[in-house]
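Student: Chain A is fixed; fit chains B, C, D, E and F onto it per the hints.
Residues per chain, in single letters:
6 protein chains.
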Amino acid sequence: MVKRGVMIGRFQPFHFGHLKGIQQILKEVDELIILIGSAQYSHSFNNPFTAGERIMMIHAALLEYDIDLTRCYIIPLMDTNDNRIWVAHLVSCVPSFDVAYSHNPLVKRLLYESGISVKSTQLYNREIYSATEVRNRILNNGAWEELVPKSVADIIKDISGVERIQQICETTIKI
Amino acid sequence: MVKRGVMIGRFQPFHFGHLKGIQQILKEVDELIILIGSAQYSHSFNNPFTAGERIMMIHAALLEYDIDLTRCYIIPLMDTNDNRIWVAHLVSCVPSFDVAYSHNPLVKRLLYESGISVKSTQLYNREIYSATEVRNRILNNGAWEELVPKSVADIIKDISGVERIQQICETTIKI
Amino acid sequence: MVKRGVMIGRFQPFHFGHLKGIQQILKEVDELIILIGSAQYSHSFNNPFTAGERIMMIHAALLEYDIDLTRCYIIPLMDTNDNRIWVAHLVSCVPSFDVAYSHNPLVKRLLYESGISVKSTQLYNREIYSATEVRNRILNNGAWEELVPKSVADIIKDISGVERIQQICETTIKI
Amino acid sequence: MVKRGVMIGRFQPFHFGHLKGIQQILKEVDELIILIGSAQYSHSFNNPFTAGERIMMIHAALLEYDIDLTRCYIIPLMDTNDNRIWVAHLVSCVPSFDVAYSHNPLVKRLLYESGISVKSTQLYNREIYSATEVRNRILNNGAWEELVPKSVADIIKDISGVERIQQICETTIKI
Amino acid sequence: MVKRGVMIGRFQPFHFGHLKGIQQILKEVDELIILIGSAQYSHSFNNPFTAGERIMMIHAALLEYDIDLTRCYIIPLMDTNDNRIWVAHLVSCVPSFDVAYSHNPLVKRLLYESGISVKSTQLYNREIYSATEVRNRILNNGAWEELVPKSVADIIKDISGVERIQQICETTIKI
Amino acid sequence: MVKRGVMIGRFQPFHFGHLKGIQQILKEVDELIILIGSAQYSHSFNNPFTAGERIMMIHAALLEYDIDLTRCYIIPLMDTNDNRIWVAHLVSCVPSFDVAYSHNPLVKRLLYESGISVKSTQLYNREIYSATEVRNRILNNGAWEELVPKSVADIIKDISGVERIQQICETTIKI
Chain A
1 MVKRGVMIGR FQPFHFGHLK GIQQILKEVD ELIILIGSAQ YSHSFNNPFT AGERIMMIHA
61 ALLEYDIDLT RCYIIPLMDT NDNRIWVAHL VSCVPSFDVA YSHNPLVKRL LYESGISVKS
121 TQLYNREIYS ATEVRNRILN NGAWEELVPK SVADIIKDIS GVERIQQICE TTIKI
Chain B
1001 MVKRGVMIGR FQPFHFGHLK GIQQILKEVD ELIILIGSAQ YSHSFNNPFT AGERIMMIHA
1061 ALLEYDIDLT RCYIIPLMDT NDNRIWVAHL VSCVPSFDVA YSHNPLVKRL LYESGISVKS
1121 TQLYNREIYS ATEVRNRILN NGAWEELVPK SVADIIKDIS GVERIQQICE TTIKI
Chain C
2001 MVKRGVMIGR FQPFHFGHLK GIQQILKEVD ELIILIGSAQ YSHSFNNPFT AGERIMMIHA
2061 ALLEYDIDLT RCYIIPLMDT NDNRIWVAHL VSCVPSFDVA YSHNPLVKRL LYESGISVKS
2121 TQLYNREIYS ATEVRNRILN NGAWEELVPK SVADIIKDIS GVERIQQICE TTIKI
Chain D
3001 MVKRGVMIGR FQPFHFGHLK GIQQILKEVD ELIILIGSAQ YSHSFNNPFT AGERIMMIHA
3061 ALLEYDIDLT RCYIIPLMDT NDNRIWVAHL VSCVPSFDVA YSHNPLVKRL LYESGISVKS
3121 TQLYNREIYS ATEVRNRILN NGAWEELVPK SVADIIKDIS GVERIQQICE TTIKI
Chain E
4001 MVKRGVMIGR FQPFHFGHLK GIQQILKEVD ELIILIGSAQ YSHSFNNPFT AGERIMMIHA
4061 ALLEYDIDLT RCYIIPLMDT NDNRIWVAHL VSCVPSFDVA YSHNPLVKRL LYESGISVKS
4121 TQLYNREIYS ATEVRNRILN NGAWEELVPK SVADIIKDIS GVERIQQICE TTIKI
Chain F
5001 MVKRGVMIGR FQPFHFGHLK GIQQILKEVD ELIILIGSAQ YSHSFNNPFT AGERIMMIHA
5061 ALLEYDIDLT RCYIIPLMDT NDNRIWVAHL VSCVPSFDVA YSHNPLVKRL LYESGISVKS
5121 TQLYNREIYS ATEVRNRILN NGAWEELVPK SVADIIKDIS GVERIQQICE TTIKI
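Quick note, the sequences are listed as chains A, B, C, D, E and F, same order. The opening residue of the first sequence carries number 1 in the working numbering; numbering runs sequentially from there. The opening residue of the second sequence carries number 1001 in the working numbering; numbering runs sequentially from there. The opening residue of the third sequence carries number 2001 in the working numbering; numbering runs sequentially from there. The opening residue of the fourth sequence carries number 3001 in the working numbering; numbering runs sequentially from there. The opening residue of the fifth sequence carries number 4001 in the working numbering; numbering runs sequentially from there. The opening residue of the sixth sequence carries number 5001 in the working numbering; numbering runs sequentially from there.
Just so you know, not all the hints are guaranteed correct.
DSBU-like mimics (lysine-lysine), calculated; alpha carbons at most 35 Å apart, straight line [stated by the list, open to error]: (1) A/K119 with A/K157; (2) D/K3150 with E/K4157; (3) B/K1157 with C/K2119; (4) D/K3020 with D/K3157.
Hints in this document: simulated from the structure, not taken from any laboratory. Since we're looking at a predicted model, the values are computed, not measured.
Just chain A, same shape as in the assembly (with noise of 0.2 Å):
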């Protein structure tokens, strides 16, 4: 029987935090599907890039680190914003699975009212691998290639990603 995990995030971007978490949890299931979670977010600081640009972060990824996408699915999940049901959503839009890796107190608490298995990946330098860190350091012109894989990077630029970040955190004047 196969096993599967299901690991839960929203990429915002892709890091090497997430890439360390992929190979940890490929060690203990044969399958993984990879949550994208708030997929219907884009343009705003915590979350600017779209599903579809997101799944090109991963998929060319895990090519770049030779992970095996033969044991991976990569699946953009909307919020519900109704905490009621995000399980049932979320169980509808994936394989079956076994059990789930999340971070996320929430997540973790609604995954355990319905019976199913939850746990954490090991932190990987959590300072400085996080999405919030690689968006601070893109909005402010630093050093932000240095945390994620160089396809994401390469993506990140192709898709003007920087400009714009930059451009929707100007300051609003409303006429």
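Tutor: Showing chains B, C, D, E and F alone in chain A's frame:
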């Protein structure tokens, strides 16, 4: 002709202040609709309990305090997130009524602009009998049980409500 | 431990078949949730009455027939239009329950796949005690009142329900 | 005091029947709101044109026929798919009005139950001046242009509306 | 060929800054679409007025200042709360246009990424001619009327807009 | 530069016609996005399987037929029920692409009006290799397994898909 009132709250959770309000209103009307607002929200600090759990609490508390359930309707109402249509939404979801009871200025304004008569109940020891106070005491392992009917405390403990509130309020760390 | 059942219907309108079903189920459970499905729909031939109007009908009929209201919950439920999440939506909106009662194959399948026990009630003279039959008789000025409790007929007449059904079924001519 | 009316239609597309209706109503009121219903639908046989395209058609036709645009408002309205709240939605989206004009029985019933005065306009050669007839003639390469103002025909041709209707009505074959 | 522009704002409420912007843009384009964003929101401090009330204000102000209404379209647009599709939503709801006018960085970025030309209007005494300033003066009984056209002030007073803003900003006390 | 295509279908369920289409397209492009439309629907005769179940079927079938999964993306897409914004929704949810493959006239029209290149694949024995035919044979206990890859048949049986389709198609009797 039956005189019917509607009392609007979120009941997160139901406490002695709500109970006093219901007892007071039942002296003024023949039948009372207890409307559970923001029904779709749950599993957050501000809205920890589902609509179904809140219905159980109110039903049990009315029984515990010998309030005549044949004179009461306990009805959940999802938020519309759209003030323009909230009154129409409310009106269509509950039996016809003559007067509404609320302390919320927006609710009072929306009802007033629709020509509906609005009253406030007398607040009962507001500093401690508030749902925010109950949730804060639950979060901090304080003396929350003395603020709610025994039947409500039993339900909260039965559904692991204390653990739920404490877990979802942990600092979130996202990978 | 309280044994609780949920009876699922649209009650457009409530008729003697529903009443018999409730009386039968109350012999099998301690408490009964009467769930009003498709709560957001009204003013069409299939769903002429609002959720609030249907709540009034059921409450009045239970009183008329001396059914113990302290053992009953009357709860409206909006359709999700999304079968994948309907059970989670239902479960979050009502008190916890042990068994569900429905004659609808889709509802029964969805509950079954979620591991919920489902039963059917005995149908009572199905050819005439059906909501479709009641609405057809209302539309065609037939003998609809004999199919529903007197308290229900009084409410339908009080809210001009006959005129409503007849007007919305006129042939539509749009300019 | 200004007397304002609202005329409710889908205008798929705007034709001479609509034009006659507007000319008639403008004799009865000071200002007229032309409400474009089902605004979110497009690219189907029943609703081929977007709200923006319909606004262009009506604006151009009123100019072509020297109707005083300072007395008119052209406003799109998305369907709510929820009859209970449609009137509240309508009222919040348009200037205050004294009377509504519609031939649709449901629209008339909903307005009537909300206490709004409703009138019908005289139908002008209904067999041919109907939007269904126009769309059927477009689909079948018939003489549709004679049913609409020249400015409307020009817009339909300019946006390739004939090709759109004919393509979306091809038999669908899904792989 | 007609050159058409779209000016994007929330107009909560319409003030002299908006008026100057419209007068300036009408020198650059043949026709102007005045797009009322966040149309579904009302009865909050940031969005006190409904779409219909804002349409009335703009229509009246254009008349008061002899702006040619035959060259203008006043169109409400509901927010999508989904940046990915906002431009498609906008485009489908308004007549085709050549250039957009906005001071909002997000709006400008979304339009730019869709290949739409975006300009800013010159800001006119920005410190006082802002909708936030108007609302603050209304809330605090300040000299708000000097910031808006007389016809706009008349409408705000006519719909009890001052009372509305002051009431919904009272400290909320929920039972 | 990578040439990417998107193939649009509902895959209810995945059959040999889909497989042939994928094999053909992979000769024309470097990477293929397999887009699962109407992702939110399930448990009806037209859409019996959830998005997650359909992802499992496609993933397994590609593996069974030695199709290079590193060149494929399998992505679910919820319907918008709003043709105006469907293309923007699609584009934001998938990696950037150069050409789309569809046999659906509406899909083809919407993509064409957005300036996207659309092709059709050659239909492979259309009379029998259609999802409708598969579902009809499942419903009537016919020879459905010969129309789908063995791995797909195994999944359908594993999730009790035959029983699901047969149960939800029973005549509905509502109390």
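Student: If a hint holds in the structure, say so; if it does not, say that too.
Tutor: These are the hints, each one checked on the structure:
1. Restraint check: the Cα-Cα separation between A/K119 and A/K157 comes to about 34 Å, which is no more than 35 Å; the hinted pair holds.
2. Under the criterion of a C-alpha separation no larger than 35 Å, the hint pairing D/K3150 with E/K4157 is inconsistent with the structure, at around 43 Å.
3. For the hint pairing B/K1157 with C/K2119, the CA-to-CA distance comes to about 30 Å; that is within 35 Å, so the pair holds.
4. With a C-alpha separation of about 23 Å, the suggested pair D/K3020 and D/K3157 falls inside the 35 Å cut-off, and the hint holds.
Of the hints listed earlier, the one the structure fails to meet is number 2.
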